[in-house]
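Keeping the supplied structure of chain H fixed, place chains C and A upon it in accordance with the hints.
Protein chains in written order, with the working numbering: chain H, 48 to 398; chain C, 48 to 398; chain A, 48 to 398.
Accuracy of the hints is not assured; some may be wrong.
[Claimed, not checked] When the alpha-carbon atoms are kept at most 30 Å apart in a straight line, the in silico DSS-like pairs for lysine-lysine are as follows: (1) Lys134/H - Lys95/H; (2) Lys244/H - Lys120/A; (3) Lys158/H - Lys95/H; (4) Lys277/H - Lys134/H; (5) Lys387/H - Lys374/H; (6) Lys82/C - Lys95/C; (7) Lys310/H - Lys244/C; (8) Lys387/H - Lys374/C; (9) Lys376/H - Lys378/A; (10) Lys277/C - Lys328/C; (11) Lys387/C - Lys374/A; (12) Lys310/H - Lys120/A; (13) Lys137/H - Lys244/C; (14) Lys374/C - Lys387/A; (15) Lys360/C - Lys378/H; (16) Lys328/H - Lys360/A; (17) Lys374/H - Lys376/C; (18) Lys93/A - Lys244/H; (19) Lys197/C - Lys120/C; (20) Lys360/A - Lys93/A; (21) Lys395/A - Lys387/C; (22) Lys378/C - Lys378/A; (23) Lys360/H - Lys378/A; (24) Lys395/H - Lys384/A; (25) Lys384/A - Lys378/H; (26) Lys244/C - Lys93/H; (27) Lys378/H - Lys378/C; (28) Lys328/C - Lys95/H; (29) Lys328/H - Lys244/C; (30) Lys197/C - Lys397/H; (31) Lys374/H - Lys360/H; (32) Lys113/A - Lys102/A; (33) Lys120/C - Lys397/A; (34) Lys328/C - Lys82/H; (35) Lys374/H - Lys376/A; (36) Lys137/H - Lys158/H; (37) Lys360/A - Lys310/H; (38) Lys378/H - Lys397/A; (39) Lys119/H - Lys134/H.
If you are wondering where the hints come from, they were derived from the structure by calculation, not from laboratory data.
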Amino acid sequence: MSSIRVIELAKLLESEYSGDGNFLIQGMNSLQDAKECEISFIVSEKYKDLLEITKAEVILAPIVLKGVFTAKKTYIYCTNPNVVFSKIVKIFSPPSPEYTHGIHTSANVDKSAVIPSSCHIGPNVVIERDVNIGNNTRILAGTYIGEGTKIGDNCFVYPNCVIRERVQIGNNVIIHPGVCIGSDGFGYESTSSGIVKIPQVGSVRIDDDVEIGANSTIDRARFGTTWIKKGVKIDNLVQVALNVEVGENSMLIGQCGIAGSAKIGSGVIIAGQAGISHGLKVGNGALIAGQAGVTQDVPEGARWGGTPAMDVKAGMALICCPASLQKQKQKIIALEKAIKGLQEELDKLKK
Amino acid sequence: MSSIRVIELAKLLESEYSGDGNFLIQGMNSLQDAKECEISFIVSEKYKDLLEITKAEVILAPIVLKGVFTAKKTYIYCTNPNVVFSKIVKIFSPPSPEYTHGIHTSANVDKSAVIPSSCHIGPNVVIERDVNIGNNTRILAGTYIGEGTKIGDNCFVYPNCVIRERVQIGNNVIIHPGVCIGSDGFGYESTSSGIVKIPQVGSVRIDDDVEIGANSTIDRARFGTTWIKKGVKIDNLVQVALNVEVGENSMLIGQCGIAGSAKIGSGVIIAGQAGISHGLKVGNGALIAGQAGVTQDVPEGARWGGTPAMDVKAGMALICCPASLQKQKQKIIALEKAIKGLQEELDKLKK
Amino acid sequence: MSSIRVIELAKLLESEYSGDGNFLIQGMNSLQDAKECEISFIVSEKYKDLLEITKAEVILAPIVLKGVFTAKKTYIYCTNPNVVFSKIVKIFSPPSPEYTHGIHTSANVDKSAVIPSSCHIGPNVVIERDVNIGNNTRILAGTYIGEGTKIGDNCFVYPNCVIRERVQIGNNVIIHPGVCIGSDGFGYESTSSGIVKIPQVGSVRIDDDVEIGANSTIDRARFGTTWIKKGVKIDNLVQVALNVEVGENSMLIGQCGIAGSAKIGSGVIIAGQAGISHGLKVGNGALIAGQAGVTQDVPEGARWGGTPAMDVKAGMALICCPASLQKQKQKIIALEKAIKGLQEELDKLKK
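For reference, chain H alone in the conformation it holds in the complex (with noise of 0.2 Å):
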């Protein structure tokens, strides 16, 4: 932990500010959060009321709504706070753990594999035959490392992962804690002697730049590739099943599921505990909102929820369903009165 002046702060973020600028920064936090000594940020007009209610006194804001706050705070301006409050991270924050470079002496290597001196390989670490690590990757304790895997640089692997024989992963990869990549496709034929297992002789490539969270599992494919593009994020519980593909940036969140050969495209997010059923294509750009069960094709750009999933509107239209039955029973019974009324009438006129 450390501390800065406003005005050194702002001059190291090459920004402006106004207020006070010998007000000592102790420490960063949420506009929620703060203590009066700690920074904090807001990234739209319509946090503003947290503004009024937060301690903080010093406040990151966008430059482009200069003026537009009242609260009386010390201001710092910068394009964009969310990406710059990262940056003070680093001032605030304890230092990440250092891990150094070279093998522990009770990690289990396999002769054959290529790991450059930049590497750490933490204790009990077990790296199979051919394996091949790029430079200033990082496997942390207790991972498993399939024959003849492959790693590219600068990924970090977090202890206890478990991956496979003949995964191919990019560079800038990080893989939390638990993560299984490569396990067997979950196939099966029921033939007249029983329920027989598909050998699954696939593998996985995940491309540059991907993220996935802990305890996620990622299934190799039946043959051919189960295939994670460029950018792609995921979190924590989530599976992904033999054989599918995932374009480019997409996001899977917390818990959702993607069935065999599913084709998700790129820039989708897919919310958390939906499910994605089998063989299915989702187009780029779609928004799949959280528990949504997606049973047919999703068109680019589309936004779906709920299960079967349906476009949001429609599926409005069937949480409004209560609603709409009961104005309709109102009016069926101003309709059954009105007949009445008329049939009244009718029966006075014969007479």
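Positioned in the frame of chain H, the structure of chains C and A alone reads:
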């Protein structure tokens, strides 16, 4: 395994009994599965019918229901059979495995770590710099404890867990196999130059008497703290995202997920596979049904279900929709008939 | 990787063929992904159109469909292409990694454990007291086997699994990475002095030919046994709670969850992300749709979906609600018009 006579057991439990005091109990089981020689228990009158079919000769029953059960059995009476039964368990169950004090020779423990001699540190455990562990805590094989993490007294950490850096864990905490605590929150910022990872520099705090089920994941905060308060019980495969707070004695049941920054009150039950969306508040004592998808704040004491979740009664209206629609359809047909009849009468009159 | 001529492969499979017997097959793939030199397969007439677009020159086809396909290809005929294709896999796939017999020097094996010399016990495996392992069983790196657990012949336990004390596992069982078997059931009793943990002293029994997917969790029984019967296949991230029974050859697909004491029949399929509530019975041969939430007993052979789950046809009525409501709305508007018309006519008559 052991055996005990009814009269001896009743004495041990300081309870009264009716029936055969000499009967030799040789085990314990549920009403459905018990053999004649096994003791079973009943907690409420509503399971009365099971007494007619159970083979168990000896039944532990609530003292308040003495005389209510007519099935010919030997009864031992106590205030809470469920709790007393747990005591009987110790008589008939195989003893739990014991873990010797001390640090296994294969463990990798940094010399700066503080570990009392009353602890068990199992094979291949990795303990990084500045870790602090309390008395009588057992850390089983293959578990990883990151730099600066603190674990209290009498904790039990099962094999192959990963607890990352700067996590704070209280006393009497039980952590089941494969749990990950302190993984990075799922936080990214879309910028003109692509998706940028937001540093996750906060921590996790787990208070006393918490239990966390197998393969569950608890993310660290972006900054500040993900906080699991005293007495919280978390089942298997549960996801708790960054900056979440869970109030005292709440229960998160199997495969449920809590999205980032949600605040769960105390005494809340979130049933299996339910999901709570980002930033929501769930009031004290609320009950969220299985698979519910909560998309707005939940009031204290509410019982919500469905997706999007609402009061369970309102949810039932939705389920009743098809039946209501059918009823209205019949009424509309009747109205159409009535109008046709009126028209015919009118036409006659006009003639 | 290898290559084989059509005539040689047909001979090997004892099958007939039509077309170019000399064609050199150099791999295998799905119809969509195959290159010209790769063999592919078709299992049913409904995929006929794929034959027009596939690049594969050689197609494995069902003998019963001989003559049905008009696409100009070389065909090899067999009774079940799916099963035969799995045999071809062995010709073209890289061989599976081999695991040498014996106990790795870094494994921690209690001297009371019984381990035949035909077993592979990998690096850092921990085997506690009185464990008994069958012939040809492979236990991979970092896996933990608790006191008194018994594992049969020809089993394969992948890295970093945790199998706790007194678990019984049959023959030919495959357990994927990160699986936890025998964790405590989620059982608590609310008492006047707070939430009390109920001892979980039962066990888990896994019968022959079971397969359990990566990071799945199977809790031990409170007392008695959580029982997974012969031939059951469990996918990744599945939760099986305390005292559950799963009947022969049933399938639990990715991320589904079975709550405590539920009894699943034989030949049941529970699809992805579905949940079965506490204590329910699911009849033999039932099919539970993805994301279904089962809240009552399911009859034999039923096909249920939705939350709360019901017969899939009844469920469809619910999905059709918005459309039906719209139709009824139109009818009510027509009725209102008709009544207005009648009233006007009546008014004229009265004048």
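We went through each hint and held it up to the structure:
Proposed proximity of Lys134/H and Lys95/H is supported: the alpha carbons are some 23 Å apart, at most 30 Å. With a C-alpha separation of about 29 Å, the suggested pair Lys244/H and Lys120/A falls inside the 30 Å cut-off, and the hint holds. As the CA atoms of Lys158/H and Lys95/H are separated by approximately 60 Å, the hinted pair breaks the 30 Å bound. For a cut-off of 30 Å, the pair hint linking Lys277/H to Lys134/H stands: about 24 Å separates their Cα positions.
At roughly 20 Å between alpha-carbon atoms, Lys387/H and Lys374/H fall within 30 Å of each other, so this suggested pair holds. Only pairs whose Cα atoms come within 30 Å are accepted, and Lys82/C paired with Lys95/C is accepted, the gap being roughly 18 Å. For the proposed pair Lys310/H and Lys244/C, the alpha carbon gap of about 25 Å is at most 30 Å, so the pair holds. The suggested pairing of Lys387/H with Lys374/C holds, with an alpha-carbon distance near 20 Å, which does not exceed 30 Å.
A distance of roughly 13 Å separates the Cα atoms of Lys376/H and Lys378/A; the hinted pair therefore holds under the 30 Å criterion. As the CA atoms of Lys277/C and Lys328/C are separated by approximately 18 Å, the hinted pair is consistent with the 30 Å bound. Using a Cα cut-off of 30 Å, the hinted pair Lys387/C and Lys374/A holds, with the two alpha carbons roughly 20 Å apart. Between the alpha carbons of Lys310/H and Lys120/A the distance comes to roughly 28 Å, so the proposed pair stays at or under 30 Å and holds.
Distance hint between Lys137/H and Lys244/C is fulfilled; the C-alpha atoms sit about 14 Å from each other, no more than 30 Å. Proximity of Lys374/C to Lys387/A is assessed by CA-CA distance (about 24 Å); at most 30 Å being required, the pair is judged to hold. A hinted pair counts as satisfied when its Cα atoms are at most 30 Å apart, and Lys360/C with Lys378/H qualifies at roughly 24 Å. Distance hint between Lys328/H and Lys360/A is fulfilled; the C-alpha atoms sit about 26 Å from each other, no more than 30 Å.
Distance hint between Lys374/H and Lys376/C is fulfilled; the C-alpha atoms sit about 14 Å from each other, no more than 30 Å. The straight-line distance between the Cα atoms of Lys93/A and Lys244/H is roughly 24 Å, inside the 30 Å bound, and the hint therefore holds. At most 30 Å may separate the alpha-carbon atoms for a hinted pair to count; Lys197/C and Lys120/C exceed this at roughly 52 Å. Of the supplied pair hints, the one linking Lys360/A and Lys93/A holds, its CA atoms being roughly 25 Å apart against a limit of 30 Å.
Between Lys395/A and Lys387/C the alpha-carbon distance is near 19 Å, which keeps this suggested pair within the 30 Å criterion. As the CA atoms of Lys378/C and Lys378/A are separated by approximately 11 Å, the hinted pair is consistent with the 30 Å bound. Taken as a hint, the Lys360/H and Lys378/A pair is honoured in the structure, with Cα atoms around 23 Å apart against an allowance of 30 Å. For the given pair, Lys395/H sits about 23 Å from Lys384/A by alpha-carbon distance, which is consistent with the 30 Å threshold.
Simply put, Lys384/A and Lys378/H have alpha-carbon atoms about 13 Å apart, close enough for the 30 Å limit, and the pair holds. For the proposed pair Lys244/C and Lys93/H, the alpha carbon gap of about 24 Å is at most 30 Å, so the pair holds. About 11 Å separates the Cα atoms of Lys378/H and Lys378/C, which keeps this hinted pair within 30 Å; it holds. Pair hint Lys328/C plus Lys95/H holds up; C-alpha atoms about 20 Å apart against a cutoff of 30 Å.
The hinted pair formed by Lys328/H and Lys244/C meets the criterion: a straight-line CA distance of about 27 Å does not exceed 30 Å. For the hint linking Lys197/C to Lys397/H, the alpha-carbon distance of about 94 Å lies beyond 30 Å, and the restraint is violated. For the hint pairing Lys374/H with Lys360/H, the CA-to-CA distance comes to about 20 Å; that is within 30 Å, so the pair holds. With a C-alpha separation of about 20 Å, the suggested pairing of Lys113/A with Lys102/A holds against the 30 Å cut-off.
At roughly 84 Å between alpha-carbon atoms, Lys120/C and Lys397/A are farther apart than 30 Å, so this suggested pair is violated. In summary, the hint linking Lys328/C to Lys82/H is supported, as the alpha carbons are separated by about 22 Å, within the 30 Å threshold. For the hint pairing Lys374/H with Lys376/A, the CA-to-CA distance comes to about 10 Å; that is within 30 Å, so the pair holds. As the CA atoms of Lys137/H and Lys158/H are separated by approximately 39 Å, the hinted pair breaks the 30 Å bound.
Annotation: proposed proximity of Lys360/A to Lys310/H holds, straight-line Cα distance about 29 Å (limit 30 Å). Only pairs whose Cα atoms come within 30 Å are accepted, and Lys378/H paired with Lys397/A is accepted, the gap being roughly 27 Å. Using a Cα cut-off of 30 Å, the hinted pair Lys119/H and Lys134/H holds, with the two alpha carbons roughly 25 Å apart.
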